[in-house]
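S.K.: Residue numbers (the numbering used here), protein chains in the order written: chain A, 30 to 273; chain B, 365 to 622.
Watch out, some of these pointers could steer you wrong.
Straight-line distance between alpha carbons at most 27 Å, and here's what the computed DSS-like set of lysine-lysine pairs gives [said to hold, decoys possible]:
hint, chain 1, residue 1, chain 2, residue 2
1, A, Lys106, B, Lys508
2, A, Lys40, B, Lys493
3, A, Lys101, A, Lys143
4, B, Lys508, A, Lys136
5, B, Lys493, A, Lys143
6, A, Lys106, A, Lys151
Just so you know, these hints were derived from the structure itself, not from any lab.
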Amino acid sequence: MDKVIEVQHLKKSYGSNEILRDINFSVNKGEVVCIIGPSGSGKSTLLRCINLLEKPSGGSIIYHGQNILDHKHDVYKYRTKLGMVFQQFNLFNNHNVLSNCVVGQTKVLKRSVKEAEEIAMKYLNVVGMGQYINAKPRQLSGGQKQRVAIARALAMEPDVLLFDEPTSALDPEMVGEVLAVMKELAQSGLTMLVVTHEMQFAREVSDRVVFMDQGVIAEEGTPEEIFNHPKQERTKEFLKRVAR
Amino acid sequence: MTWGYIVDIFKNYWPMFLRGAGMTLFISIIGTVVGTLIGLLIGTIRTIPTPERGISKILLKLVNYILTAYVEFFRGTPMIVQASVIYYGAPLFLGIDLDRIFAALLIVSINTGAYIAEIVRGGIISIDKGQFEAAHAIGMNHTKTMLYVVLPQVIRNILPAVGNEFVVNIKDTSVLNVISVTELFFQSKSIAGNNFRYFETYFITSIVYLIMTLTVTRILRMLERRLDGPDNFNVIPGNQMQVEKPEDAVKRREALRQ
Numbered sequence: 030m031d032k033v034i035e036v037q038h039l040k041k042s043y044g045s046n047e048i049l050r051d052i053n054f055s056v057n058k059g060e061v062v063c064i065i066g067p068s069g070s071g072k073s074t075l076l077r078c079i080n081l082l083e084k085p086s087g088g089s090i091i092y093h094g095q096n097i098l099d100h101k102h103d104v105y106k107y108r109t110k111l112g113m114v115f116q117q118f119n120l121f122n123n124h125n126v127l128s129n130c131v132v133g134q135t136k137v138l139k140r141s142v143k144e145a146e147e148i149a150m151k152y153l154n155v156v157g158m159g160q161y162i163n164a165k166p167r168q169l170s171g172g173q174k175q176r177v178a179i180a181r182a183l184a185m186e187p188d189v190l191l192f193d194e195p196t197s198a199l200d201p202e203m204v205g206e207v208l209a210v211m212k213e214l215a216q217s218g219l220t221m222l223v224v225t226h227e228m229q230f231a232r233e234v235s236d237r238v239v240f241m242d243q244g245v246i247a248e249e250g251t252p253e254e255i256f257n258h259p260k261q262e263r264t265k266e267f268l269k270r271v272a273r
Numbered sequence: 365m366t367w368g369y370i371v372d373i374f375k376n377y378w379p380m381f382l383r384g385a386g387m388t389l390f391i392s393i394i395g396t397v398v399g400t401l402i403g404l405l406i407g408t409i410r411t412i413p414t415p416e417r418g419i420s421k422i423l424l425k426l427v428n429y430i431l432t433a434y435v436e437f438f439r440g441t442p443m444i445v446q447a448s449v450i451y452y453g454a455p456l457f458l459g460i461d462l463d464r465i466f467a468a469l470l471i472v473s474i475n476t477g478a479y480i481a482e483i484v485r486g487g488i489i490s491i492d493k494g495q496f497e498a499a500h501a502i503g504m505n506h507t508k509t510m511l512y513v514v515l516p517q518v519i520r521n522i523l524p525a526v527g528n529e530f531v532v533n534i535k536d537t538s539v540l541n542v543i544s545v546t547e548l549f550f551q552s553k554s555i556a557g558n559n560f561r562y563f564e565t566y567f568i569t570s571i572v573y574l575i576m577t578l579t580v581t582r583i584l585r586m587l588e589r590r591l592d593g594p595d596n597f598n599v600i601p602g603n604q605m606q607v608e609k610p611e612d613a614v615k616r617r618e619a620l621r622q
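Using the sequences and the accompanying hints, generate a full structural model.
M.R.: Shown next, in the form of structure tokens:
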């Protein structure tokens, strides 16, 4: 299996507050990995460290054989290989739907406008938002915005797509439409790293589940292992609390 | 009767009033535009994230100190004093005799720049962090993030404040009369000096200023609406996702795999 990202002994502290204590894990090509755990366990922080939105306090992150925390590494080029979908969508308010998906391609990847628009349309159709290309973000519902955000990330054609609680800010009716898109993407072979509270989704779609608690990975395994036969006490506690 | 005098003065001196108003508008427009550009530049520089180490860090700190000093000085002193200092100081320290109109443009621009710099800084800070994060997540560096995502939103947000500065400038250019710039107030002084009808002359002056400021306010409001874009968008007709045929689903999946 081809390791896309490998995290070694990752640490992150905010002052005296240790959020990540010693994280070791990796993501293989084509895998869908779901990270679950209680609030404050460091799940989002871990994700944000991987694409360097947060600067880790220690450890290394190996991408294609190189440690990206080495300060000679080109952060911006690295980030183009990792897409991120945010809890708050974060669509660019001064661009319409199509432009949101095009601006990154033309200004960062230096693609031609024509090529960028074709690629953008392709992914907008995948998420079902192809008819809304002229809309501005403020005219869309939450579920629609999140689907555009996914298309925007896909248009950069990254190696891995990171999802930071993509459905946590959505109304229950809209959660379904976004999860449906994510399921499609998973089945198409996209490498995905998802932080989520949607246990059903994690159970059905992921290849591997990582349970985090208090800054460490408490347990890791297949959905079958984690949800049906959890080994650690705290995993069992957590699953009991979120069981629906 | 006073009102008769007003009409008379207007009939006799309207070209001078017009020329004065023209000069006032000219100086205000250019001063505000250049000042806004200066302000945008300064505001952007002052919000550059501090680099980790070394020379750039020290350089940036130095630049920020200088810019802060500039902003504090020009916001902390009256423009009428700034005008005198610059106009009479230039021949002393720079050895050049400033053309009055050029001096007027310079003074208004620098003064406006200081105010707009603070407005821009506030505008940038008020942009949701998520916009920055999303731009960074797709690989944009600070410059690209500012150019393509943040500054366009900042400009739209500060337009009311900039418009306000413009209106303020229309009125404040009157202080330039102390360096004998032939704007509206200076013209009014000449006219009043000629006919000794001080109230009547300045009454007309106030009406001219009012016409200018009200018109500018209206135009700016229209501009704001225009920039917001249309309220409705066109939904492209076609296949809705829910009504997808199995063949289309397969085609989509093939497309994804490429």
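S.K.: What hint numbers does the structure not satisfy?
M.R.: 3, 5
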